[in-house]
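Based on the hints, put chain B in the right spot on chain A.
2 protein chains.
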Amino acid sequence: MNAAPLFARVALIGLGLIGSSVARAVRQLGLADELVATDASPQVRARAAEIGLADRIADDNAAAVKDADLVIACVPVGACAAVAQSIAPHLKPGAIVSDVGSVKAAVLRAMAPELPPHTHFIPAHPVAGTEDSGPDAGFAELFINRWCILTPPAGADAAAVERLAEFWRRLGANVEVMTAEHHDLVLAVTSHLPHLIAYTIVGTADELEDVTRSEVLKFSAGGFRDFTRIAASDPTMWRDVFLNNKEAVLEMLGAFQEDLSKLTRAIRRGDGEALFDHFTRTRAIRRGIVSIGQDAAGPDFGRPHGPLPKTEGEG
Amino acid sequence: MNAAPLFARVALIGLGLIGSSVARAVRQLGLADELVATDASPQVRARAAEIGLADRIADDNAAAVKDADLVIACVPVGACAAVAQSIAPHLKPGAIVSDVGSVKAAVLRAMAPELPPHTHFIPAHPVAGTEDSGPDAGFAELFINRWCILTPPAGADAAAVERLAEFWRRLGANVEVMTAEHHDLVLAVTSHLPHLIAYTIVGTADELEDVTRSEVLKFSAGGFRDFTRIAASDPTMWRDVFLNNKEAVLEMLGAFQEDLSKLTRAIRRGDGEALFDHFTRTRAIRRGIVSIGQDAAGPDFGRPHGPLPKTEGEG
Chain A
9 MNAAPLFARV
19 ALIGLGLIGS
29 SVARAVRQLG
39 LADELVATDA
49 SPQVRARAAE
59 IGLADRIADD
69 NAAAVKDADL
79 VIACVPVGAC
89 AAVAQSIAPH
99 LKPGAIVSDV
109 GSVKAAVLRA
119 MAPELPPHTH
129 FIPAHPVAGT
139 EDSGPDAGFA
149 ELFINRWCIL
159 TPPAGADAAA
169 VERLAEFWRR
179 LGANVEVMTA
189 EHHDLVLAVT
199 SHLPHLIAYT
209 IVGTADELED
219 VTRSEVLKFS
229 AGGFRDFTRI
239 AASDPTMWRD
249 VFLNNKEAVL
259 EMLGAFQEDL
269 SKLTRAIRRG
279 DGEALFDHFT
289 RTRAIRRGIV
299 SIGQDAAGPD
309 FGRPHGPLPK
319 TEGEG
Chain B
9 MNAAPLFARV
19 ALIGLGLIGS
29 SVARAVRQLG
39 LADELVATDA
49 SPQVRARAAE
59 IGLADRIADD
69 NAAAVKDADL
79 VIACVPVGAC
89 AAVAQSIAPH
99 LKPGAIVSDV
109 GSVKAAVLRA
119 MAPELPPHTH
129 FIPAHPVAGT
139 EDSGPDAGFA
149 ELFINRWCIL
159 TPPAGADAAA
169 VERLAEFWRR
179 LGANVEVMTA
189 EHHDLVLAVT
199 SHLPHLIAYT
209 IVGTADELED
219 VTRSEVLKFS
229 AGGFRDFTRI
239 AASDPTMWRD
249 VFLNNKEAVL
259 EMLGAFQEDL
269 SKLTRAIRRG
279 DGEALFDHFT
289 RTRAIRRGIV
299 SIGQDAAGPD
309 FGRPHGPLPK
319 TEGEG
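Top line first, the protein sequences correspond to chains A and B. Everything in the first sequence is counted per my numbering, starting at 9 for the first residue and increasing by one. Everything in the second sequence is counted per my numbering, starting at 9 for the first residue and increasing by one.
Chain A extracted, bound-state conformation (with noise of 0.2 Å):
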């Protein structure tokens, strides 16, 4: 392991919850002489002052990303084009600027064209993340074992591409190459997808005329509950998720309303064989998320579950 720190100067743009993720670990880890970060909201800013987010808080994107030798917008996707904009005129030639939005083809679109020919763009996509959000909400161990996804442009600077994979390789993320249009293609499947239908039954559940909400609530833990960590996401995130890659995103959604379809057939007549071979098949698929450790072995993901009452006079 090198003791030096990676780049000189880092500048973050955004401090929610991956943005005050990354700077924590960045801290912690030294791989930094200098810090810089700031954010569009200046409640923000002086919380991330407060709580000691990064060596110093600039006021504004110019003034963070300057000297910068590593910049990350740590914003929503709807807002990168606008960052690009801002830092364009600021940056220091030789400097990596990424990003780290779950689209990777309209963020290319949207930032690439504002940038100057003397950096290197190299979009990033580390796939980590909790319902929370805002600088409080993040830690330095968020990345550990989750997979950070780069999707370089063609052509482009192979020891930047190295230098930015390396960075998230200290954070502890695994690093995976890919082009946007694939990685944009996996995400609606993994991610996106997973949130529109987490998203819309909880919603549901939310307007039944038969079933209250506090009735909902009480007895989620039957399975709703595990569709509400995901649609407690953020939402601006999220909009700007489906805005900017809505081909990939219906494209999935038409595969899974056929399958839907299936299934409600099956239960429509009756047909236990059907119902219980596809139970059977994604059983299998559980078992292989738990065994390359991209979730907790524990039953009920790892839930608490506490001791029972005692009972006087128990032997």
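Treat the hints loosely; a few may be bogus.
Said to hold, decoys possible - Computed cross-link-like contacts, SDA-like style, restricted to lysine to any residue with a CA-CA straight-line distance of at most 20 Å:
(1) B:LYS100 x B:ARG64
(2) B:LYS226 x A:ALA167
(3) A:LYS254 x A:GLN265
(4) A:LYS270 x B:GLN265
(5) B:LYS226 x A:GLN265
(6) A:LYS74 x A:ILE59
(7) B:LYS100 x B:PRO124
(8) B:LYS226 x A:HIS190
(9) A:LYS254 x B:LYS254
(10) A:LYS100 x A:ARG171
(11) B:LYS254 x A:GLN93
(12) A:LYS100 x A:ALA167
(13) B:LYS254 x A:ASP218
To be verified - Footprint (simulated), chain A over chain B, 3 or more residues, beta carbon under 8 Å:
(14) 26-38
(15) 110-122
(16) 228-235
Derived by calculation from the structure, the hints in this document are not laboratory data. This one's a predicted model, so the numbers in the text were calculated from it and none came from an experiment. Glycine is no exception: its CB is placed at the ideal position from the N, C-alpha and C atoms.
Coordinates of chain B only, in the frame set by chain A:
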């Protein structure tokens, strides 16, 4: 708290996740003078004897229920009628007979006509579970702070209902009483529909042409993995749930489909405002579930995030 056992003899039929959890809790809490258990599978009976799940493992249902004051069928819903037939001639007068099925009206229809009038049939549903199955998967704490819904038929003996309620309270559960029909509607939305959707999406992801299964597993932390836990639940149990709560599930599916169409249309039209409004609303529901203690408050379902890798020479 009462130190005396609640029942002289308790009999459990079926030692899967739920049955073996009840067994462990009954023994730990000393709720029965004698706990007798059985299972249709000789392998499960042998394993249960080996790990000491009950005071006595009976070879069949008839032997298990002899002289029992409380009999609980912990079997898939589809097996309830056969269990009722097999135990009916052997039940002690005044015995309470119950079950743990996730569907209640069908269980009532299947079991009630088989049972002798000198017994008290009180269907029950502990809303608790994990994705694991079998006699080794159970644990005594499974029901703590979870709901157990009783659906006594009209005219049920109030004292028997109260004794069964007390039994579940001792196991740590909160007890609620409602009609079988209302139960089936509430669970259709909080449990059955979420399972059907999870089973569907996990199957969809496994059949894509352009995204490999290995990619789906690798990048599952983006949301997909939250669906895989419930899509790993016991296939037999879930087949029976859908076959036996068809009407309510199809009704909820209809509402879900309408809502999904609305969100799909918003994506297709690029209607960011509609998406944002929906996503903001669903966030509040998650908070409600955490605030009433039906899920862990820790981010990411409290999933562990290990320490950062040590870098030599770090400050």
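Consistency of the hints with the structure:
1. At most 20 Å may separate the alpha-carbon atoms for a hinted pair to count; LYS100 (chain B) and ARG64 (chain B) meet this at roughly 18 Å.
2. Restraint check: the Cα-Cα separation between LYS226 (chain B) and ALA167 (chain A) comes to about 26 Å, which exceeds 20 Å; the hinted pair is violated.
3. Among the hinted pairs, LYS254 (chain A) with GLN265 (chain A) is consistent with the structure: their alpha-carbon atoms are about 16 Å apart, no more than 20 Å.
4. For the hint pairing LYS270 (chain A) with GLN265 (chain B), the CA-to-CA distance comes to about 14 Å; that is within 20 Å, so the pair holds.
5. A C-alpha spacing of about 24 Å is found between LYS226 (chain B) and GLN265 (chain A), which places the hinted pair above 20 Å, so the restraint is violated.
6. Taking the CA atoms of LYS74 (chain A) and ILE59 (chain A), the gap is near 23 Å; set against the 20 Å cutoff, the hint is violated.
7. Simply put, LYS100 (chain B) and PRO124 (chain B) have alpha-carbon atoms about 10 Å apart, close enough for the 20 Å limit, and the pair holds.
8. The suggested pairing of LYS226 (chain B) with HIS190 (chain A) holds, with an alpha-carbon distance near 14 Å, which does not exceed 20 Å.
9. Using a Cα cut-off of 20 Å, the hinted pair LYS254 (chain A) and LYS254 (chain B) is violated, with the two alpha carbons roughly 34 Å apart.
10. Of the supplied pair hints, the one linking LYS100 (chain A) and ARG171 (chain A) holds, its CA atoms being roughly 16 Å apart against a limit of 20 Å.
11. At most 20 Å may separate the alpha-carbon atoms for a hinted pair to count; LYS254 (chain B) and GLN93 (chain A) exceed this at roughly 55 Å.
12. Simply put, LYS100 (chain A) and ALA167 (chain A) have alpha-carbon atoms about 17 Å apart, close enough for the 20 Å limit, and the pair holds.
13. Distance restraint check for LYS254 (chain B) and ASP218 (chain A): the Cα-Cα separation of roughly 17 Å lies within the 20 Å cut-off, and the hinted pair is therefore satisfied.
14. Residue count for the stretch 26-38 of chain B with a Cβ under 8 Å from a Cβ of chain A: 4. That meets the three needed, and the coverage hint holds.
15. With 1 residues bearing a CB less than 8 Å from a CB of chain A, the stretch 110-122 of chain B misses the requirement of three and the coverage assertion fails.
16. Here's how the stretch 228-235 of chain B fares: 8 of its residues keep a CB closer than 8 Å to some CB of chain A, so the rule of at least three is met and the hint holds.
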